[in-house]
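J.: The whole structure should be built from the sequences, with the hints applied where relevant.
Protein chains: 4
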Amino acid sequence: MSRKIRMGMVGGSLDAFIGGVHRRAAIMDGEIELVCGAFSSDPEKSKETGRGLYLPENRIYNNYEEMILKEKELPEGERMDFVSVVTPNHVHYGPSKMALEHGFHVVCDKPVTLNTAEAEEIAALVEKTGLIFCLTHNYTGYPMVKEAKQMIASGAIGKVRKVIVEYPQGWLSTLVEVTGNKQAAWRTDPAKSGAAGGLGDIGTHAENLAEYITGLKITQLCADLTIFVEGRVLDDDAHVLLRFDNGAKGILQDSQIANGEENDLNIRVYGETGGLQWKQMEPNTLIHKTNQGARIIRTSVGNLSRAAQVHTRVPAGHPEGYFEAFANLYRNFAFHVRARLEGKTVDPVYDFPTAADGLRGMKFIDTVLASNQSEQKWTDFNF
Amino acid sequence: MSRKIRMGMVGGSLDAFIGGVHRRAAIMDGEIELVCGAFSSDPEKSKETGRGLYLPENRIYNNYEEMILKEKELPEGERMDFVSVVTPNHVHYGPSKMALEHGFHVVCDKPVTLNTAEAEEIAALVEKTGLIFCLTHNYTGYPMVKEAKQMIASGAIGKVRKVIVEYPQGWLSTLVEVTGNKQAAWRTDPAKSGAAGGLGDIGTHAENLAEYITGLKITQLCADLTIFVEGRVLDDDAHVLLRFDNGAKGILQDSQIANGEENDLNIRVYGETGGLQWKQMEPNTLIHKTNQGARIIRTSVGNLSRAAQVHTRVPAGHPEGYFEAFANLYRNFAFHVRARLEGKTVDPVYDFPTAADGLRGMKFIDTVLASNQSEQKWTDFNF
Amino acid sequence: MSRKIRMGMVGGSLDAFIGGVHRRAAIMDGEIELVCGAFSSDPEKSKETGRGLYLPENRIYNNYEEMILKEKELPEGERMDFVSVVTPNHVHYGPSKMALEHGFHVVCDKPVTLNTAEAEEIAALVEKTGLIFCLTHNYTGYPMVKEAKQMIASGAIGKVRKVIVEYPQGWLSTLVEVTGNKQAAWRTDPAKSGAAGGLGDIGTHAENLAEYITGLKITQLCADLTIFVEGRVLDDDAHVLLRFDNGAKGILQDSQIANGEENDLNIRVYGETGGLQWKQMEPNTLIHKTNQGARIIRTSVGNLSRAAQVHTRVPAGHPEGYFEAFANLYRNFAFHVRARLEGKTVDPVYDFPTAADGLRGMKFIDTVLASNQSEQKWTDFNF
Amino acid sequence: MSRKIRMGMVGGSLDAFIGGVHRRAAIMDGEIELVCGAFSSDPEKSKETGRGLYLPENRIYNNYEEMILKEKELPEGERMDFVSVVTPNHVHYGPSKMALEHGFHVVCDKPVTLNTAEAEEIAALVEKTGLIFCLTHNYTGYPMVKEAKQMIASGAIGKVRKVIVEYPQGWLSTLVEVTGNKQAAWRTDPAKSGAAGGLGDIGTHAENLAEYITGLKITQLCADLTIFVEGRVLDDDAHVLLRFDNGAKGILQDSQIANGEENDLNIRVYGETGGLQWKQMEPNTLIHKTNQGARIIRTSVGNLSRAAQVHTRVPAGHPEGYFEAFANLYRNFAFHVRARLEGKTVDPVYDFPTAADGLRGMKFIDTVLASNQSEQKWTDFNF
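Protein chains in written order, with full-length UniProt numbering: chain A, 1 to 383; chain B, 1 to 383; chain C, 1 to 383; chain D, 1 to 383.
Treat the hints as calculated values from the structure; they're not laboratory data.
Source: prediction; values computed, not measured.
Check the hints yourself; a few may be wrong.
All copies of an identical chain are treated as equivalent in the list; a pair is satisfied when it fits inside any one copy or across any two copies.
Said to hold, decoys possible - Straight-line C-alpha distance at most 25 angstroms; calculated SDA-like pairs for lysine to any residue: (1) K4 with G77; (2) K344 with P56; (3) K344 with G52; (4) K45 with Q309.
T.: Given below as structure tokens:
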């Protein structure tokens, strides 16, 4: 099959943030090409975006329904192979569902849907159709996250005891959602963002990262959510105590009012014989600490796990960043789509988050919200 | 009064950790001299220590009772002016009480006593006698901690919303208390350390630091304490959600099983207009973050508060450390003792923690322990 | 002109390092597509690479001469618009020259040629043809490098006095060129790399960066080059004192035997009123120091220059890295090619290094080599 | 001999910088006490200082001659054991010489004298009298410097190839010496500071550190010194290429006009199998790099050399700083003086810089100044 995997995009008009990220992440490794899109609910804006992306006029659609139906009629190899959904949260469910129902694989920005009921439907549909679904919990795409996961799995720090995962940002320290900031506007609007604010936007990344790296599951939690900015209706700060299925304990905190913080997702995991520390803002460095000293593990340096190696593109000291981690998800997804087309299998090292992870994230949100309302210390998270 | 302030020491035999710290901290600024001591419950060890410190034989005592009684008989100016109590926790109360009852000022290592009842007694005695009592929550002695406190007080980051304070160590990751490690042995023994383990040893430092820097009081908390190392009887890890009297929220975590961590006390405070970050292991740096960028504040660089300046000894780039912060407490204490002797007053910039701080620390321990046992989410901390 | 700019590539077979970098950098922003290539001097390898890149068979060529001639015959819009030359140094001159002579714009990896005579010819040809030539001194593509350049130009640190630029690597600490490492083999072979080793490979990046950021020209230098690894024939370490045209002084050092260093290009510039520091391995951070304190300047945070802004893709805290800096050159180059096709002009903020920079780099190499042989302290660098 | 070693001080009035450092460094470990002093050339100021230090009136002298003569008449055990010389450079020679001639050991701030002739005289006098002379190249007192030295000596990084040592400061970026800054005034005045400015003040620390850590000797150098600030008469910036006796090469640079730098002495040493990096401003960290990864070596963590251990006072994570490194020199010196008094020998691990180091530093200054004037590239440094 000598061609690239073909992507159709829903959302991602030229002034959007995450659309441009998805497009670059999708195409940079040369495995995927953008062939069509419905880039906005405003047909004019969709046209303008499609032209700016050098797409032919007949592959720029007015809405996702049109895109899915028209593409479906095109012959295999010409039509898109998958749909990439990069809209605000409330428009994840519709295009994902319709794409799956029409036989298209899906990449969807997180959270998978607006609420758990929708997420269950999507997860069930993925199960039923057997189609490939990638949820872009992109931070799991970093090589040093892969290395951390492998190290813990192989016992490098012993049984995990303590996990601290944080995701502080400061950009919503004031009521910027009323100042014309579109990102802020939809992310703080329950109708578009869902029942949670920062918790859904970034807290779920933290939850996903903690479980991905440790291989553990959260089983109980105790949450204290806050809306610090007057006039806001969704949480902009969350403090959560965690308990894991192996007896480990943890803390998860996210914030959008941590004034001066950029996008500082970070995690520390302590086991019986050592600890690991990773910070998204310096993603090529992983610190392995023990009581005998610390070791700086770096992308492309020394003997790394195969998982780290296959998610790295350049030699040591050439920093790979946010786009490359994101691209690792798309590249791995493309490998799976190609294998499906060619009737082959894929090495499990090429992993990516799925609809099941998305569903778990939605249930995590539900559970944290329930705990926040509860006067009981612990709320179970049993899924 | 042309002489140094005279110190008698209880505890601090030559092989102890904290005794040597107190001695260096006390004498390094040239305001205090060690004139006598009861350095061990073992008279031979006390003698040996006193000789190693070049004290005259007649000022090396067999026990603190003897020291206090004998010194009391010496004329003013020859006898010690104050007692420094540097014993394990269970021997704080006795010498402190007796010293106060015999008219001696006191410096006492933290926690102030073994339990709250004793602490109340000491605090009442200090109140009644009017004597000067310094509790060595030494981390408040760092110039950049002073700067942070002044900045917050002056509104540099706006109203405080969020406080994250951490004190992870890794040295008790295994059952070292049974391997002959004396430090570990008494600190994990309830009879010598009190009802809390790591919480009392280092968690109270974190609590004290958070309240000192922010000027806020914790009013509610929710705790999850753990004993991770089998065979241990006191907590070696604590996760605590906090609520403050101005509506701010926080997280306090301490650990002695954070494998690979040395002594990483650190704090982040976020207000409406900015944030501050300080790490004890790089104590001469304070980061002031805002959404417009971050500023590196450094000891002796630029326009610092007077509080920072008077607790600094050298120009920029000459790192001051643990001993100097500790010495700031002793120096300030000496200023107060000297002023008392000379009938003068002291500029409030020369502050230090008191018996009241010690009592508050004991009640914090009680409250965290109660919360840990409770199934209710929130436990009040009203003192 | 509703289409992407079309790239033909010379070199860059699938196992090469820099070819994959160029390809990703070229395509990631969606302005350029790869349409053809002569990827190896081995036609089989070229075929295999082209297929791996999903190119049609008839656009995979046996050699660059064939590519240029055949593409020339295709209609505008179908044929390639420019040639990207990503071969080892000794194969830069040939394809660049032929491409220019046949009317194709060129992107060429650095150094521009094997020697100064060739470089002069290329520079003259660019001048004569008016074609667009981009030399990939990629490190100038980082947003924080742009910011540093703008700050110095606008007087933010006053008149520049002192420049320290370093490029240490450690990968050639042993004679790896005889162990089957292809990268090492050609880079240490004068026939393929030129008269200089590390100096040409990385020292010229340092020279280019220092002059780009400061806006100054080196006028005199004093060099001490070394071959530390026995059996090697080209320099693997260089220490060079610099003097600049405004009276500033500097040091340039590069190394391939700085054991344990990855790719640590970094620069510090001190002016009359402040200093700047940038490190390629943490590229999103620029430190602005003054005697009153330091400021952390970060990609996408606060009020940055327009030059920094237009070379940034994502909000604060989403690290952009090596590929994105490289892509900035390609994107800017594409803007220029597109403007040429459309008869428009380009905002000078979209800059990139040129053949003239390449020629200057070659003369820098010559001058350092001459200085290294000289017993005189200073050798003029007057071009 | 159950008493502290007794120190008399020359210089160090209360408003001086380095006097207070010496006093704290001398007394903090409890081995030395200050018994007398001639603290200023102004007798009134000397009296005032002595009283501020709680000395008896009869041990506060009008000048060093008086101090040495009067103390000489006191009985052993009452009189001072050694003289600490902490005056500006031009008053090092006089008191050192007179002290040695009258049988007193000496601690002297660096540089040892104003010029080489004087230094030779002092070194000869030390040799002749057999008295103990400590030159306070204090940066060699840090535990991690000791560790680095031991690691290199034991082959941990293989044969040394490359040394980069830097000492940038920014405090003399403007002509502060005319603004009433006393430190700046004497340090920029040839009559008080000597023939070199920054080179003598801080460049010699860099030279001493490089040779101490590596165990190598500089044999040739090539210097470019600058006076950047108009109106200044001594160098405020130095760039020096180095060659060492084992074939290694190096760069030494110091500056007092590196605007925004505090006191950033730092060194990187690369050997055949690894590299080491140490920064004075974060002195408890030593980075050991190899091409397989980097290790963070920290004071009190893991298996350190005995040399590092005996120069450390506290467990891991309790930062020791400038005073403690300085104190290590005084403590070691005290051990030697005590051993002399008691007829014992001292373990060589308790080392400190000597008059010979001071003489070498003076000759280094002479050689750099000669090189700076020379048009020849290399000037020999053969001593």
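J.: Of all the hints given earlier, name the ones this structure violates by number, lowest first.
T.: none
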